[in-house]
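Engineer: Note that this note's numbering numbers the sequence shown so that position 49 is 974, with each residue one more than the last.
Heads up, some of the hints might be wrong.
[Said to hold, decoys possible] List of simulated lysine-lysine pairs, DSS-like, C-alpha gap at most 25 Å:
#, residue 1, residue 2
1, Lys1034, Lys929
2, Lys929, Lys950
3, Lys1109, Lys1098
4, Lys1034, Lys1093
Simulated from the structure, these hints should not be mistaken for laboratory data.
Note that the coordinates shown come from a computational prediction; the quantities given were computed from them, not determined experimentally.
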Amino acid sequence: MLNKIAFKYFGDIVKPYLKHFDPLKESLVKADIRVSIHEYVSNMAFVSFMIILIGWPTISLLLGLAFGYAKISSVALAVTLSFTISMTLGITAAVALFYYPSVSAGSRKRKIENSLPFGTMYMATISSSGAPPAKMFKIIADFSEFGELSKEVSRIYTDTEIFGMDIKTALQKAAERTPSDKFKDLLWGLSTIINTGGDMSGYLREKSKAYMADFRRSIKDYSEQMSLYIEMYITLIIVGSVFFLVLSAVMTAISPSSSIISVQFFVIFIFLPLVSVGFIFLSKGISPTEE
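With these hints in hand, go ahead and build the complete structure from the sequences.
Structural biologist: Below, the structure written as structure tokens:
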């Protein structure tokens, strides 16, 4: 519904500027966002416009109530500030939507490459049993534990079995749309093996060994990084906060002050929880096993 409304009212407006969004087109494909570049840019313009359209009068009203409407200068200030804020929010939303596909593609790349060592090993096992490539892809596609890798393989199977595409063309098409360079390399290799009649199971076994070695290295690097981050977190945040609270408590006992109590409240109930949540997200973000 939103796509239709945005395209109806903004499709013709953004059409002359689509050539400036070529990098976005590739990101949409790799992020598996199945809309055209024209529709997506129309959505960007529509969302940005609606934020400005709704935000300007709403923020003007709120600021006007805060400043008071007794003076013309207060009204002018409220209108000017609200316009600036709503324009900033609208532009921020457009920029966020512009970069969202590339961020999503990066997330998909990480998930695919996390599953690739195990998925390739599984494919090697299936291939060694003499199963044809189409059957191998069907089994991997049904194996939901591989996440984004299963989805990529499922599209290869759909291209061959539903749309009647030959396996070589389907592999090449998948290689062009995947965000993972490792998976792309694997697909091009499979295409060559199928075309020349080489040993597919041997190729997959060698690839699985290489990917597993990379995975072990990433686990080791992650362990070393986390050791450093945990040491910094304990030393700077936990010990530092405890030291500050003890020192401030002594100062409060000597010379009571409401400002010191406010700072203690901020450290205990705001600073420490926020930093801890940030540390959790950091550890999850750099984890090679996090899906």
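Engineer: Now tell me if each hint is right for this structure.
Structural biologist: These are the hints, each one checked on the structure:
1. Pair hint Lys1034 plus Lys929 does not hold up; C-alpha atoms about 30 Å apart against a cutoff of 25 Å.
2. A threshold of 25 Å between alpha carbons decides the hint, and for Lys929 with Lys950 the separation of about 19 Å falls inside it, so the pair holds.
3. Distance hint between Lys1109 and Lys1098 is fulfilled; the C-alpha atoms sit about 10 Å from each other, no more than 25 Å.
4. Taking the CA atoms of Lys1034 and Lys1093, the gap is about 22 Å. The hint holds against a cut of 25 Å.
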